[in-house]
Structures are given as C-alpha cells and as structure tokens.
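Protein chains: 2
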Amino acid sequence: MKNKSLFLLIGLFVQILVLHAQTPRGPIVVSPKVNADKTVTFSYLAPNATTVLLDGNQFGSANVPMTKNTDGVWSITVGPVKPDIYPYGFKVDGITINDPANTYLFPNERFKASLVEIPSDSPAIYALQNVPHGTVTYEYYPSVEGSTGTMVIYTPAGYTKETAKKYPVYYLISGTTDTEETFWKVGKVNLMLDNMIAQGKAKPMIVVMPYGNPLARIAEQTGKDKPSDVMSRDGEDALKRMKLFETDLITKVMPYIEKNYRTINNRDNRAIGGFSRGGGQTLRTAFNNVDKFAYVCSYASYISPAEMDKNFTNITANPAKTNKDFKLLFSGIGTEDFLYKGTTEWENYLKDKKINFKSYITDGGHTWMNVKKYLNETLPVLFK
Amino acid sequence: MKNKSLFLLIGLFVQILVLHAQTPRGPIVVSPKVNADKTVTFSYLAPNATTVLLDGNQFGSANVPMTKNTDGVWSITVGPVKPDIYPYGFKVDGITINDPANTYLFPNERFKASLVEIPSDSPAIYALQNVPHGTVTYEYYPSVEGSTGTMVIYTPAGYTKETAKKYPVYYLISGTTDTEETFWKVGKVNLMLDNMIAQGKAKPMIVVMPYGNPLARIAEQTGKDKPSDVMSRDGEDALKRMKLFETDLITKVMPYIEKNYRTINNRDNRAIGGFSRGGGQTLRTAFNNVDKFAYVCSYASYISPAEMDKNFTNITANPAKTNKDFKLLFSGIGTEDFLYKGTTEWENYLKDKKINFKSYITDGGHTWMNVKKYLNETLPVLFK
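Taken in sequence, the protein lines are chains D and U. Here our numbering runs 3 ahead of the position in the first sequence, where the first position is 1. Here our numbering runs 3 ahead of the position in the second sequence, where the first position is 1.
There could be a bad hint or two in this list.
Which copy is meant is left open, so a pair is good if it fits within one copy or across any two.
To be verified - Heads up, simulated DSS-like pairs for lysine-lysine below, C-alpha to C-alpha not over 27 Å straight-line: (1) LYS243 - LYS36; (2) LYS344 - LYS262; (3) LYS206 - LYS262.
Because the hints were derived from the structure by calculation, they are not lab data.
My request is simple: use the sequences and hints to build the entire structure.
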C-alpha cells in the first residue's frame with residue numbers, strides 16, 4: 004500500500020514534468036489585453052532587444068516606446084482607444100513584426116499586421132453578439148486557365164438546415180494584396196450580417212468573397228514566377244488583370260456558386276462590391292455586365308473620366324436606362340483617403356452625366372475601419 | 004478632335020498615376036519561390052537591416068545568411084529540399100519574423116511562422132490535386148459557460164448538394180497553442196481526405212476541428228485576463244483544462260454538429276484524434292466516454308501509467324471488452340519527438356495490460372510533418 008502511494012506520487016511527478024515539457028519555455032505573454040477603460044496593454048517577449056516600439060499609428064500610437072520588465076517582457080498601455088478594429092505591430096530594434104502572442108492577423112500578401120478589437124459599450128454592429136450565426140465556408144473551384152481557385156462564402160443562419168429557400172448574392176472583392184479572407188477576418192462582413200439580419204435591418208443573403216488576383220494564382224500553380232499583384236505599375240497591364248478577374252468572376256465563380264448554392268439567379272438579386280482595387284474591379288465588372296448586377300458598391304475606388312469616356316459610354320449614353328438598371332450605385336470615400344480627389348472627380352463626372360449614385364463621405368483614410376462604415380451603409384439597402 | 008485626343012492622353016496618364024498610387028511602394032518581393040529543382044529562394048525587403056538569416060531548421064537551413072542586392076532585397080536559395088510543408092522565418096538583426104510576402108502562415112497563439120510547400124514529383128497525398136473538393140466551414144456555436152465557441156468543419160465533396168446522405172465524424176484536436184485552423188491550414192486534413200476519397204482509399208467523412216482551449220476563450224469573452232494555454236505548469240490544473248475541453252466537446256460541440264450536419268450518430272461512426280495536447284485530450288475524452296467513440300488516434304501523446312492506474316481502470320480492468328470497444332487505438336510518435344520516451348512507456352503499459360493498439364513509429368520529431376504521416380496512416384482505416 005505504501006509502495007503504491009509512492010508509485011502514484013512518482014507517477015504524478017513524472018506527469019507534471021511531461022506537462023511541463025509539453026509547454027514552450029519562457030514567461031507567458033498575453034497580448035493584446037483590452038482593459039475595462041478601453042486602454043490597451045501590448046506585450047512582447049524579447050529579453051535581448053534594445054528598443055521596442057508599439058507601431059499603432061491608426062489609433063494614434065505611432066512609435067510609442069515600450070518598457071522591459073525583469074522577465075524580458077516589453078509592454079505599454081495606451082489609450083483609451085476609440086472602439087474599432089485596428090492593425091498594429093511592434094518595431095523591434097527597427098524591424099517591424101506582428102504580435103507573436105496574437106492569433107488575430109491581417110490576411111495580406113505584402114504585410115503582416117496583428118489586429119486588436121476595442122469593444123464599444125453597446126456592441127458594435129460588427130461585434131460578435133449572441134444572435135444566430137451564419138457560417139463561413141472555404142471552397143475550391145475550377146477557375147480560369149485550368150487553375151484551381153479559392154473563395155470564401157458566407158451563408159446566413161439557417162441556410163444549412165433549410166433545403167429549399169433561395170437567397171440573393173453579394174459578390175464582394177477585397178483590396179490590392181488582400182486575400183479572399185480579408186473581408187471576413189478584417190471587414191467582419193459575416194458578423195455584421197448576422198447582427199443586421201437578427202435585427203431585421205438587412206435581408207438574409209449569401210456573400211461570395213473571391214481571391215482578387217487570379218493571374219498570380221495561375222502563375223503559382225503552373226510553376227511560373229508568381230507575379231505580385233503590384234508587380235506591374237502600368238495602367239494597361241493593370242486593366243488586363245482586372246479583365247482576367249472579371250472573366251473569372253463571370254464565367255467561373257458565378258456559375259459555380261449558382262450550381263452549388265441556393266441562389267436567386269437574376270440581376271435584381273445580385274450585388275457586386277469591393278474595396279480599393281476590388282472597388283475598381285467592381286465598377287468595371289458591373290459596367291461591362293449590366294445584365295448581371297443591379298447593386299454596385301464602390302468602397303474607396305473610382306474610374307477616371309477618361310476611362311469612362313473610352314470604355315463605358317454604355318453607362319453614360321442613356322442615363323435614364325442606367326438609373327433604372329442600377330438600384331444602387333454607391334461610392335464611399337474618406338476625406339483623408341489618398342483616392343479622395345479621384346473619387347470626387349468621378350462623382351462629379353457622374354453628376355455631369357446625370358447618373359444617379361449614392362455618395363457617402365466619411366472622415367479617415369484608406370482603411371478597413373472605413374470599409375466597415377461603407378458595409379454598414381450598404382448591406383441594409385441591398386435587395387430591397 | 005485634337006482636344007479630345009489630348010484629353011484622353013492626359014486622362015490615361017492620370018489613370019496610370021492612380022494605379023501607381025494604389026500600389027505599395029518599394030520593389031516587389033516574391034517569397035518563397037520554389038524552383039523546379041526543389042531548391043527554394045527566400046527573399047525579404049529590408050534595405051536598412053545589417054544581417055538577415057533564413058530560419059529554416061526543419062529543412063536543414065538553420066541560420067543561413069541571406070545576401071542583400073542593390074534594391075535592399077535580401078535573398079538566399081537553399082536545397083534541394085525534401086518535399087513537404089515546412090515552417091520558416093527570417094532572423095533580421097537577431098529578431099525572428101515571418102515572411103511578409105507570404106500569406107501562408109502557421110496559425111498559432113505563441114509564434115508566427117510562415118510555411119512553404121515543396122511539391123513532390125508525383126503529387127503528395129496532402130497536395131492540392133484536380134479531384135472533387137470538399138469544403139471547410141467556420142462555425143460559431145454555443146459553448147460552455149455561456150461563451151461562443153469557434154470550430155472548423157470539413158465536409159467531403161458532394162456533401163452540400165445532397166440532402167439525405169449521412170456521414171461518420173472525426174473529431175480532430177490540434178496541439179498546445181495551435182488553433183482550430185491548424186489541422187487544415189498546416190495539417191491539410193481536408194486535401195488529404197479529398198485525395199483519399201477520390202482514390203477510394205478513405206471513407207467520405209466529416210471532420211470537426213474544435214478550438215482546444217475553451218478556458219482562454221471564456222476569459223476573453225468575459226473580459227477577464229486571457230490565460231494562455233501554457234500559463235499553468237501544474238499538472239492538476241492542466242487536467243482541469245482538459246476536463247473543460249471534454250465537457251465542451253461532449254455536451255456542446257457534438258450536439259451542435261449532430262443537429263446541424265448530416266451525421267451518423269453512434270460510436271462506430273465517431274472517431275476522435277489529436278496532436279500533442281490534443282492527443283492528451285483525445286485519450287482522456289475517449290477513455291471517459293467509451294460509449295461515444297470507437298476510433299481513437301493519438302498523434303504524439305500519451306497518458307502516464309500512474310494516471311492510467313488512477314483514472315482509467317475502466318479501460319484496463321477488462322481488456323477483452325476494451326479491445327472489442329475500440330476498433331482502433333492508434334499511437335503515432337517520432338523517434339526524435341521529446342515525448343517519445345513517455346509514449347513508449349505508455350505503449351509498454353498497454354501491452355502489459357493486454358490492450359490492443361496500433362503503434363506507428365516514424366523518424367523525426369514533434370512536428371506537423373509527422374502529423375501528416377499519422378493522418379496518412381489513420382484516415383484510411385477509420386469507419387471500416
């Protein structure tokens with residue numbers, strides 16, 4: 004009996020050692036930590052670093068020095084910070100890194116920012132709330148030039164359990180160097196719709212989020228050098244890339260979605276929208292395919308008057324028809340956005356041509372904080 | 004007419020400027036680039052860095068110095084590298100970062116590694132191939148203590164278009180500090196099953212990948228300090244966390260899945276498996292719920308003989324019953340895994356107790372390269 008107790012004791016000791024061995028070394032860093040007063044504490048383990056700065060310029064904390072404790076953990080508390088979702092990183096001895104303790108990352112092909120959400124006192128429209136939730140599904144589909152495409156699809160709560168009900172579809176395209184994940188992981192379109200649908204503010208809809216740069220995917224899959232989305236600075240080449248995207252969307256993505264999801268297949272039940280480059284793809288795809296989409300949402304993008312005159316007289320020649328065709332032509336832009344001037348010129352051009360559009364001007368710049376505002380304006384008016 | 008041409012010319016010039024302005028600055032970095040001879044070129048833009056090393060020890064490239072070109076791009080070509088999927092990073096002036104040009108990231112709560120896939124000459128079982136693809140869906144569900152849980156669900160090709168066919172379910176739990184994304188984004192269980200099902204090697208099944216650390220989620224959602232998965236080094240506390248996971252899985256995850264997916268709801272059509280901590284959760288959950296799971300897969304984990312004696316005499320008291328209950332009790336481990344010795348002790352214990360199990364010993368360590376080998380051994384034998 005005594006032997007058994009000893010054995011048990013040794014066994015438990017071994018087990019503690021094993022559990023110990025199974026864990027990474029070093030003090031535990033919890034970062035970020037959003038405090039009750041909306042200040043935020045950022046922490047980073049780096050005993051050997053000389054200087055660590057918080058790189059959070061989008062919430063007014065650009066290059067704020069962090070302080071090292073005796074465990075080698077650098078930390079700083081900033082704020083209170085205005086409720087929103089912000090990107091940030093650390094500048095460690097001059098090198099910008101994302102936060103290794105934070106799984107919430109900005110999906111992007113050119114930078115790796117971490118994200119922090121500062122909750123509002125009353126839950127924001129994009130916050131996780133206790134309402135029925137839709138699902139977010141990753142699909143492979145047969146894409147242009149024999150490639151296999153990737154896209155992400157939101158279906159509203161109840162979709163999977165029903166077998167007959169059909170839904171309208173919003174095709175939503177992210178910005179340059181963003182990925183097919185960005186509109187849900189950063190833009191929170193899924194949670195916004197969960198909340199809006201629960202509150203009766205938006206119609207239940209499917210949202211399809213394709214990857215915006217099929218040329219890069221094709222090169223990757225065929226073993227060629229992967230061209231970056233931003234490799235070519237030439238306008239004509241960029242337009243060719245947009246055209247390839249349009250071909251992919253119209254001839255591959257849409258047929259796949261309409262075959263595999265319960266969609267309502269007419270223009271009044273299709274919307275198209277996007278941010279930045281995705282906004283440019285949106286406008287060109289919509290104007291080239293007036294028979295396909297009745298709702299068009301440009302989030303911080305535009306087409307130059309010259310290109311409108313050259314390529315889209317179909318839109319401007321008969322304003323009465325265009326104004327009947329498009330149940331919504333939305334243009335959202337921030338006054339500090341570097342595309343503000345161009346967007347204003349485009350809007351003035353549309354006015355001159357008697358094309359109706361909904362202009363929505365916010366403060367702020369070319370950010371995903373603003374994209375959520377544009378989503379908040381547009382999701383409730385789609386398909387109504 | 005002359006004026007119009009001039010206007011068009013200016014317009015196109017403006018448009019090129021806009022397209023230029025819409026792109027980030029700096030030379031374009033494509034990284035990683037896998038070459039035809041299976042060498043890999045890694046690149047990183049950092050004009051001001053003093054030293055940049057490739058941190059790729061899992062493919063034999065630990066701390067390999069990279070070379071800077073006149074554009075400030077550091078690069079190195081290494082290999083040929085044995086086909087597989089490997090984590091890597093860059094050490095920039097001593098600071099480890101992930102690759103900002105690469106969207107393929109290792110989902111983890113404690114580190115941020117980038118991933119590179121070296122293709123085989125004949126496609127690996129985990130490679131994207133031209134076969135019918137299943138989908139990967141992110142779900143919110145009502146979890147323990149009023150929290151909202153997150154999980155990821157693979158459904159096989161054809162699932163969404165059918166309305167009646169039911170499937171067996173594999174509950175698959177990732178390792179310490181991994182997330183609910185790790186088993187598909189790193190473990191590639193979805194592509195492995197796509198390929199195996201297409202080849203007739205595995206039965207079509209649903210795979211449910213829950214988040215493994217509900218205590219951290221609860222703390223986060225209730226505004227408490229988020230405890231890290233590795234915060235407590237105490238064995239008993241770790242066991243309590245495992246118990247909370249078990250409660251979540253049995254009383255929340257499983258009922259949600261069985262309500263919302265077309266599952267076959269009996270023990271012969273349920274498997275449970277996991278890696279590292281997830282393997283520990285697997286074994287304890289399976290042994291505490293013999294009525295629920297007929298297939299049990301431990302990938303690089305074990306239970307100490309002392310804990311077996313203390314808590315799981317239900318498993319050892321009647322070996323004939325246990326051997327009938329479990330259609331598979333799988334233990335996979337690498338000879339260089341730091342849990343190899345403990346796993347061997349556990350396997351010897353099972354032998355002594357006359358409990359049947361399938362031992363699968365590989366070379367290599369506690370890595371996701373090995374996890375894919377364990378998946379390759381187990382997926383084909385589930386539900387047969």
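We went through each hint and held it up to the structure:
In this assembly of identical chains, the alpha carbons of LYS243 and LYS36 lie at most 27 Å apart only when taken from different copies (24 Å versus 45 Å within one copy). In the homo-oligomer, the alpha carbons of LYS344 and LYS262 never lie at most 27 Å apart, since the shortest distance is 41 Å inside one protomer and 52 Å across protomers. Taking the closest pair of Cα atoms, LYS206 and LYS262 come within 27 Å of each other both inside a single copy (22 Å) and across two copies (25 Å).
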